[in-house]
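Based on the sequences and whatever the hints tell you, model everything.
Top to bottom, those sequences are chains A and B. Mind the numbering: the first sequence is residues 1 to 345 in the working numbering, read in order. Mind the numbering: the second sequence is residues 1001 to 1806 in the working numbering, read in order.
These are computed hints drawn from the structure, not numbers from a lab.
Looking from chain A toward chain B, a few residues come up when the C-beta cut is under 8 Å (computed):
#1 88
#2 92
#3 118
We put the CB at the ideal spot given by N, CA and C, even for glycine.
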Amino acid sequence: MRFLWILMLLPGLAFAQGFAGLGNAPQDGFATPERGVSLSFPADHGSHPDYRIEWWYLTANMTGPDGTQYGAQWTLFRSALDVGERPDWDSPQIWMAHAALTSADQHFVAEKFARGGIGQAGVVAQPFEAWIDDWQMSGPTLNNVTVQASGQGFSYALDLRADAPFTLQGDAGYSVKSAAGQASYYYSQPFYDLSGVIEVEGVQVPVTGQAWLDREWSSQPLAETQTGWDWFSLQLDGGERVMAFRLRDEAGQPFHSGTWIAADGTVQPLANDALLLTPLAIGQSVGPELPVEWRVQVPSRGLDVTTTALNVDSWMGTLFPYWEGPIRIEGSHSGVGYLEMTGYD
Amino acid sequence: MTGLILRTLLSHWRSRPFQIVTLLLGLIVATALWSGVQAINAEARASYAQAAATLGTDRFDSLRPRGAQRFDQRAYVALRRAGWLVSPIVEGDLRLDGARFRVLGIDPVTAPADLPARPDLQGDALTGFLGQAGLILTGAQTAGRLPADADLPPVRVMDGIAPRTLVMDIGTAQRLLGMSGQLSRLIVLPEAQDGIPPLAVAGIEWNRIAPRGADGGIAALTDSFHLNLTAFGFLAFAVGLFIVYSSIGLAFEQRKPMLRTLRALGVPLRLLMLVMVVELTALALLAGIAGVALGYLIAASLLPDVAATLQGLYGAQVSGTLSLRPAWWLTGLAIAMGGAGLAAADTLWRTARMPLLSAALPEAWHGAQRRAQRVQGIAALGCFALAAVLSQTASSLTAGFVLMGALLIGAALSLPVMLSVILGLGARRARGPLAQWGWADARQQMSRLSLALMALLLALSANIGVGTMVMSFRDTFTGWLDQRLVAEVYVTASDAAQGQEIQRWAQGRVDAVLPIWSTETRLGDMPASIYGVAQHATYSDHWPLIEELPDAWQSLASGQAAMINEQMAGRRDLSPGDRITVPLPDGGEWPMIVAAIYSDYGNPTDQVMVDVDLLSERFPDIERLRFALRTDQTAEIIAEARDRFALPSDQITDQAAIKALSLAIFERTFTVTGALNVLTLAVAALALLTAMLTLQLMRLPWLAPLWAMGLTRAALARAELLKVMALALLTAILAIPVGLGVAWVLTNVINVTAFGWRLPMNVYPADWLRLIGLSLLTAAIAAGLPVLRLARTAPRTLLGVFASER
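Next up, the structure:
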């Protein structure tokens, strides 16, 4: 569950209106996700130009040699004006990327845009390569990649390794987004071990940590009354991973969904009522005020934790702004994770 | 009390409505010409700025490959993937029904956010801009000029796009221009400042071109043109102020008794001055508003010609319609006030120093005029000395105009002295009392007429100077065109493949196929074009060389020699035998010796001419589109080529058509100059008329005794007319040497510094006769009305002179 949904959600944002031309016309030739279709790897690591939107979304929680905590984000979005791929400037594919590096007192953001069709940006499934300009995520397989990006005041180069299979979210990769049935294909790799180097204002720092990759694609807009969401990835010290989100709805109760991932990779979907997300404290000084402290409960698993932002000002002041940053977990379990919040402005 | 004083002062104008009309007219005309010229300049500069902003050349660095107009877009991707923040641009000319449009293809996704025509990523503007159908964004005016039946993408009107420019997606532009997979240049984004990897990516040597400022560099080229206009505007303004000066001076003389009475009644001097300043300000404001409005009309009617000239000369796109700018209104009003203040300063000063009790004595002023003449004479000598020094040393445009100013002012200031001397000589030779009186009276009258005569002198000499320059230029230019345009047919292919086909097709049919290929590059820090020409008698027999080494043409083939145009030789101080180095696209250099210098009128940029085979070998990406064909079957060849290659008429032309076009551009260049010339002369005539009218009122005391001695009013009128015409004739004759001086400055100083070419100066005596006739006519018209009034003056009025104290 990730950021680009907002583009489909808010009529005021024309990346959806103008670029993707979504408007109110869902029947425009784009493929829609269907329950029961099994995902196939590595082919599905590549791009799906018949679907309107897609992303490769990596977040990482890292620690420096002195114990300083950092967060990193690397995201490549694809948005299609029209179905399929065409060569050269005729390509209807538009690419956008965000990179961020966060510490307790600093938050660096950069973004990039590119047209498809000319080779400036794209994704190849095997050997895996996702790139836009000089940012890239590449390696022999998606479980063994190097990620790099740079922007004003920061850069990073991170090696990611995972042995675990990819986690299929929702119903075997079919993830429902609303009570009305809007859905996407959604899988993750929540088990990356990370080592690498970050550079903050000219100073290089070696880091180690964990990373989480989300892959998602769809063509369906969210329900018109859904105004935004809060999305969590939790990496618990015991090795479990939790994905949880709620979609806020101005017409009624929020829609909750999540996945409990055991340390061995076994997956259990969390239904709407199996999950409780409660905002505790409002904060942030650079963007709109939004909840930077949360209580996350999964009663069936005995999880009852409080999450606090490493940096309350993890505001992504990009063309389409949102909040995304590393969090600390305390309570019944401890650990680290990432939080994304949209639709608060 | 202030109101009362003001009313008293204003009552003067009520009794002499004509005086206030001339005062206002003078100020209106002066303001109008000045602000009209300013409006034209402002409009042109605004157009340059808009064009530069649309193209992004005002703020952003550009990357262009060395020695090629286009390059493979894979180089762009390679640069982006190396971390360069650049955005691609496709540019080119699109010809539709003979009209030429500038196509600008941008990539809205990577273009800088503040590029004016970039559709907003967050707005609806992007809808339809991308994609196969495409969308053209352009201004309302340009949209109206697009032919309705052209096969173009849909057009959307948008503000802030430069004239004749069509903005579209880069893919659409590539399709329209036939540049699939090719780009023209890259904009370097402002964020891309630190940590830039080396430039030599993708096997291309890049030229990084710094932003050319708000006017896109075109101002440097067009400066001379605008300076010309400004000089003319200023001349007209100065001539207009003569009118104002003489009107205000006269009003002062006539109001002297009134001012004295007011002072004697106890009005403090300071209050009196204040009221006079208020009065003047009100008049200036009134005239300023009218003047600016008139200036707007003048500018609006001249602007289309100016736009055509700038387009023809420099390729600068200037909007043909005038927009109203508040700043311009305000400057117009300020200049009217300033001018009125300048013209009235003398009068105000004399009011302040006016002795309270002495009686009105116009002769006292006359005496002062004589003293002034001495001062003027000395000032004139100073001006001439300055002009003499500058004529030897002036090397900048500004110095050139200072030289011209010194020459004109010196001539104007010395005019009264010269006329006095001539009239004095005439008086000594005169026989009979009437003739003696006539000469002496003319001399006496001249002190009052001299300002108007100076205005006439300025207008006439500017006229002769500009006329001589334009005609010399036209003769030289026509002769030069005959030399330069020797080939019978000129053809431009639509693309490189067609270029090859045309070359193959023409080879057997015509006597010679001569490629004319060129590329733009930078030599040192200035742009220059490199032209390739074939070894052929067409060039060696006709090409207009100014200076050359022996065997200049043969030496081109060796690759060790080049020819350069006169402007380049002048700007870079090069002579035959000097060395130049042309940078090559592969990073190498091409050193050559200057074998010859050729004249190249009408071209603002530096040019190097080399052998075409060597050029295309060393610049492999050069555009191979243009050919000159030698044939004696011009019509047949053109018809056949047009059919066979579907060439539109502007891509295949015969020599005559190109000549006609060049001459048409030439003529248009001077339309505006001609119009301003005529207006200046008209203003001078008006100055003469006002001076004559005011003089006539003052002269009754001089004429009345003659009438009393038995001269008829008609005879007096004839004598008056004769005197004025004689003075005008003398002025016109004196204007000839001054005009030739102006022409010399224009051809030998201003043209050289502004354009880089020197012109032979010819003289056109027939034109002088025409001007002398014109000035006599001017004088006759100006004197006609006052003389007519004199002839009809009631005897009672003449008698009154003896009865009343004035």
